[in-house]
Amino acid sequence: MRIEHLYRYPVKGLSAESLEEITLAEGEVIPHDRRFALAQGDASFDESAPRFLPKQNFACLMANARVALLHSAFDSRSGLLVIRGPQGGAAGEGRLAASTHSAEGRAAIADFITRFLGAEARGQLRFVEAPGHAFTDQKRKGISLINLASLRALEQAIGRQLDPLRFRANIYFSGLPAWAEFGWLGQEVLLGGARLEIFKRTVRCPATQVDLETGERDCDVPRLLREHFGHADLGVHAAVLEGGRVAVGDSLEPV
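In my numbering, the protein residues as written are 1 to 255.
Do not take every clue at face value.
Said to hold, decoys possible - Straight-line Cα separation of at most 20 Å, DMTMM-like style, residue types lysine to aspartate or glutamate; simulated pairs:
1) Lys55 / Asp233
2) Lys200 / Asp137
3) Lys200 / Glu129
Said to hold, decoys possible - Here are the simulated distance ranges between beta carbons:
4) Gln138 / Ser76: 38 to 46 Å
5) Ser78 / Gly183: 40 to 48 Å
6) Ser44 / Leu190: 35 to 43 Å
The set of hints was computed from the structure by calculation and includes no laboratory data.
For every residue, glycine included, the Cβ atom is placed at its ideal position computed from N, Cα and C.
Between the sequences and the hints, there should be enough to build the whole structure, so can you do that?
Written out as structure tokens, the structure reads:
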């Protein structure tokens with residue numbers, strides 16, 4: 001088994017960034033993964049006392065399919081975030097470059113996406129960050145993995161291809177029979193130079209219905225998984241027990 005793709009998502013709900021290698025730390029997520037989020041106007045997230053909140057409290061594909069049309073890039077050294085809207089969009093939806101380090105930059109990011117979402121935004125969004133906190137969909141910090149053979153099995157069952165990034169995983173790997181990863185629950189695996197514990201199957205939500213090119217809901221993935229396989233799961237979550245370097249092409253082995 002080997003790693004085929006490696007991704008992080010610096011802003012929860014926004015686009016993926018492809019990586020060649022990373023260094024994982026014990027008990028943490030991939031560096032800068034889900035570091036930021038766009039809290040809805042009615043969300044109770046407090047940056048001074050961060051706690052896990054369900055994804056509905058933030059701009060996300062599950063609730064806001066249109067964010068699929070935004071392409072973002074984050075420079076972790078400078079703190080600059082660049083967001084590009086769809087070509088031919090309305091005035092003010094073209095491009096934004098702003099610093100995540102300054103109050104002015106964070107306000108500009110929030111204003112840009114609030115305008116972009118329009119009526120979909122529940123009030124004025126807030127661009128939020130809390131040191132040590134990651135805006136993941138699980139209370140336990142970790143990384144997400146997808147077995148590409150399981151994705152292929154789903155595609156064969158429904159008769160169409162799906163962009164793997166619909167599933168917003170960190171690691172996409174090959175070399176394992178479809179669905180065999182579900183047998184890893186409670187077990188440890190070696191991923192490159194790191195050691196992980198598989199602690200949960202990933203239940204797919206309506207975010208996976210969204211076509212990332214059009215921003216439209218065109219395929220009910222959770223329903224199709226239940227219809228063809230008797231569950232709505234695709235992928236697993238893992239916690240980092242021992243950190244280390246991980247790169248595309250590295251091996252993945254159960255302990």
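Here's how the hints hold up against the structure:
Of the pairs offered as hints, the one joining Lys55 and Asp233 holds, with about 18 Å between alpha carbons and a cut-off of 20 Å not exceeded. A distance of roughly 12 Å separates the Cα atoms of Lys200 and Asp137; the hinted pair therefore holds under the 20 Å criterion. Straight-line distance between C-alpha atoms of Lys200 and Glu129 comes to about 26 Å, which puts the hinted pair past the 20 Å bound. Separation of Gln138 from Ser76 is about 23 Å and departs from the stated range, judged on CB atoms against 38 to 46 Å.
Evaluation of the 40 to 48 Å hint for Ser78 and Gly183 yields a pass: the beta carbon distance comes to about 43 Å. The hinted window of 35 to 43 Å between Ser44 and Leu190 holds, with their beta carbons roughly 40 Å apart.
Checked against the numbered hints above, the structure breaks hints 3 and 4 and satisfies the rest.
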